[in-house]
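*Asks:* Now for the letters of each chain:
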Amino acid sequence: MSNIEIAIAVVVVMTLVGLMFGLVLAFANKKFAIEINPLIHIVEDILPKGQCGACGFAGCMAYAEAVVINPDVAPNLCVPGKAPVAKMVAELTGKAAAAVEPKVAFVKCAGNFSKAVRSFEYKGVQDCVAASLLQGGPKGCQYGCLGFGTCVKNCPFDAMTMSEDGLPIIDNDKCTGCGKCKSVCPKQVMELVPFGIHVAVNCNSKDKGAVARKLCTVSCIGCGLCLKNCTHGAIKIENSLAVVDSAICISECNESTCLAKCPTGAITTYIKVVPKQA
Amino acid sequence: MGHYLTLLASNIVVNNFVLTRFLGLCIFFGVSKSLNASIGMGMAVTSVMTLSSMLAWVIYHFVLVPFNLQFLTTAVFVLLIASFVQLLEMIIKKHASTLYNMWGIYLLLIATNCIVFGVPLINVENNYSFLESTVAAVGAGLGFALAIVLMASLREKLRLADVPKALQGLGIAFILAGMLSLAFLGFSGMISV
Chain H
1 MSNIEIAIAV VVVMTLVGLM FGLVLAFANK KFAIEINPLI HIVEDILPKG
51 QCGACGFAGC MAYAEAVVIN PDVAPNLCVP GKAPVAKMVA ELTGKAAAAV
101 EPKVAFVKCA GNFSKAVRSF EYKGVQDCVA ASLLQGGPKG CQYGCLGFGT
151 CVKNCPFDAM TMSEDGLPII DNDKCTGCGK CKSVCPKQVM ELVPFGIHVA
201 VNCNSKDKGA VARKLCTVSC IGCGLCLKNC THGAIKIENS LAVVDSAICI
251 SECNESTCLA KCPTGAITTY IKVVPKQA
Chain G
1 MGHYLTLLAS NIVVNNFVLT RFLGLCIFFG VSKSLNASIG MGMAVTSVMT
51 LSSMLAWVIY HFVLVPFNLQ FLTTAVFVLL IASFVQLLEM IIKKHASTLY
101 NMWGIYLLLI ATNCIVFGVP LINVENNYSF LESTVAAVGA GLGFALAIVL
151 MASLREKLRL ADVPKALQGL GIAFILAGML SLAFLGFSGM ISV
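Protein chains in written order, with the working numbering: chain H, 1 to 278; chain G, 1 to 193.
Keep in mind the hints are simulated off the structure, nothing from the lab.
It should be emphasised that the depicted structure is a prediction, and the values quoted were computed from it without experimental measurement.
Fair warning: there could be bad hints in the mix.
Stated by the list, open to error - Partial list, derived from the structure: chain H residues whose beta carbon lies under 8 Å from chain G:
(1) Ile-4
(2) Ala-7
(3) Ile-8
(4) Val-10
(5) Val-13
(6) Met-14
(7) Leu-19
(8) Leu-25
(9) Ala-28
(10) Asn-29
(11) Phe-32
(12) Pro-71
(13) Tyr-122
(14) Gln-126
(15) Asp-127
(16) Ala-130
Unchecked claim - Cut-off 20 Å, straight-line C-alpha distance, at most; resulting in silico cross-link-like pairs (SDA-like, lysine to any residue):
(17) H:Lys-153 <-> G:Lys-94
(18) G:Lys-33 <-> G:Leu-150
(19) G:Lys-94 <-> H:Asn-29
Quick reminder that beta carbons are idealized off the backbone N, C-alpha and C, glycines included.
Only chain H is shown next, with the shape it has when bound in the complex (with noise of 0.2 Å):
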C-alpha cells in the first residue's frame, strides 16, 4: 500500500472504532440511565462531611440519600450540623424539625502524669488500644485516660490536641459533638456534655474512695459532700462515682454550691458560655 492509501485506512478504521464505541456508549447511557433524586446532592451539599458516621449512616452521602428517600429517617441526625442543618434539612425534605441539643465532648480524667500514678512503664505501639490490651495500660488507674492519644488522631473535625502532660484538650469551638472519640477510646473516658453545663466530674474512677485516692491525686472518691451541697438534687453516687443530671444543673441551679467542698478537686467548673448556635 502506498503513504496515501495507508492514510485513508487510518482515518476510516479510526473513525469507524470511534463511531462504534460513541454509539454504544449512548446507547448504553439511554438505556442504563438511572434517575438519582437531585435532592440528595443538595442534601448533601449541606452536610458537614466529616464522615463521622454519628448519625448512625456509612457518611454524609448515605445519609443523604436516606434522609431524602425514606420518611422515616429523621432530619435532625446530623450531630455536628447542629440546629442550622437540621433545619435546612428538614426544609428541603419537608419534615419536621426537632431541635439537636448541642453537645460537646468532655474528657472525664484529670489524671495527667504527675498526678496518676503509673504502675509500669509502656514502651510498646503507641496507641491507645494497643495499650490497654497490655494488662489495661500503665497507668495505676483502670478507668482513667491512657494518653496516647487514640482519639485526638480520630477526630474528623480537628478539635483535639494532646497536652504535655498526657491529657487531650478539647477545642470547643471546633468541638461538633460527633462522639467519634467517645466510640473510639478504650477506656470509655470521654463524655458527651450539653453546652451550658455548670459543673461536670472530672473523673471515671469506679475504685473505692481509698483505692482511687492512693492512685490518683485528683480522683473522685465518692465521699458524697457534694451531693449533701447541691441544693437540687442534680448529684447521684454510683459506684463510687459522683454523677451530675444535667438537665437539672442547667436548668435549675446557678450557684455551684457542690464545688466548694470536694475534697480532691474532682468536680470543676465547666463550662459556662451559651452554646454558639442554639
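The hints should help you fit chain G onto chain H, whose structure is shown.
*Replies:* Leaving out everything else, chain G in the frame of chain H:
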C-alpha cells in the same frame, strides 16, 4: 491444560505486573491504605482487565490485522478501554447496585491506567491465542490483587509503627514496595513461559 496453568501462575507470582514489571503503581500506592478498599480495587482491576483484553484481542485480530494497521494498536486500545470501562460502570450501576457500592468508585480510576492498558498490549506482542490472552489477563489481575492486598495489610500495620518523621506516608510505602519486589524476585526463573 498444563500450559494455561503455567501461564496463570507465571502472571500471578513470577511475572507479577506490579512487583516485577512495575505497572499500575499509581493505584498500587493510591488505594493501598486500607485492606477493604484494596480488595475492592483488586476485584475491579481483575474483572476490567480480563474483559478488556478479551475485547482487545477481538479488535486486534479482526480489525487491525486484516487492514494491516498493527501500528494503530496503542491508539485503538486506549479508545477501547476508556469506553469499555464507561460502559461497564453504567451497566453495573443499573443492574448490580450492591457491587457498584463495593467497587464502583474504583472503576473510573482505572479507566486509563497503565496496567489495564499494558496487559492487552503485552498479550498482543506475545501473539497469544484468545484463550491464552484471557488466562494471562486473569493471572495479571490476580497478581495485582495479591500485591495490593499484601501492601494494604502491611500499611495497616505500619500505621501503628513508629516511623521516622522524614519517611512517614509515601516514603515508607515506597521502601516497603521495594522490599516486596525483592521478595518476589525470589520467584524469578521458576516458570518460563
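*Asks:* Each of the hints needs a verdict: does it hold here or not?
*Replies:* Now the hints, each set against the structure:
{"no.": "1", "hint": "Ile-4", "result": "15 Å, violated"}
{"no.": "2", "hint": "Ala-7", "result": "11 Å, violated"}
{"no.": "3", "hint": "Ile-8", "result": "11 Å, violated"}
{"no.": "4", "hint": "Val-10", "result": "6 Å, holds"}
{"no.": "5", "hint": "Val-13", "result": "6 Å, holds"}
{"no.": "6", "hint": "Met-14", "result": "7 Å, holds"}
{"no.": "7", "hint": "Leu-19", "result": "11 Å, violated"}
{"no.": "8", "hint": "Leu-25", "result": "5 Å, holds"}
{"no.": "9", "hint": "Ala-28", "result": "5 Å, holds"}
{"no.": "10", "hint": "Asn-29", "result": "7 Å, holds"}
{"no.": "11", "hint": "Phe-32", "result": "4 Å, holds"}
{"no.": "12", "hint": "Pro-71", "result": "21 Å, violated"}
{"no.": "13", "hint": "Tyr-122", "result": "13 Å, violated"}
{"no.": "14", "hint": "Gln-126", "result": "7 Å, holds"}
{"no.": "15", "hint": "Asp-127", "result": "6 Å, holds"}
{"no.": "16", "hint": "Ala-130", "result": "6 Å, holds"}
{"no.": "17", "hint": "H:Lys-153 <-> G:Lys-94", "result": "38 Å, violated"}
{"no.": "18", "hint": "G:Lys-33 <-> G:Leu-150", "result": "11 Å, holds"}
{"no.": "19", "hint": "G:Lys-94 <-> H:Asn-29", "result": "10 Å, holds"}
In summary, the numbered hints that this structure violates are 1, 2, 3, 7, 12, 13, 17.
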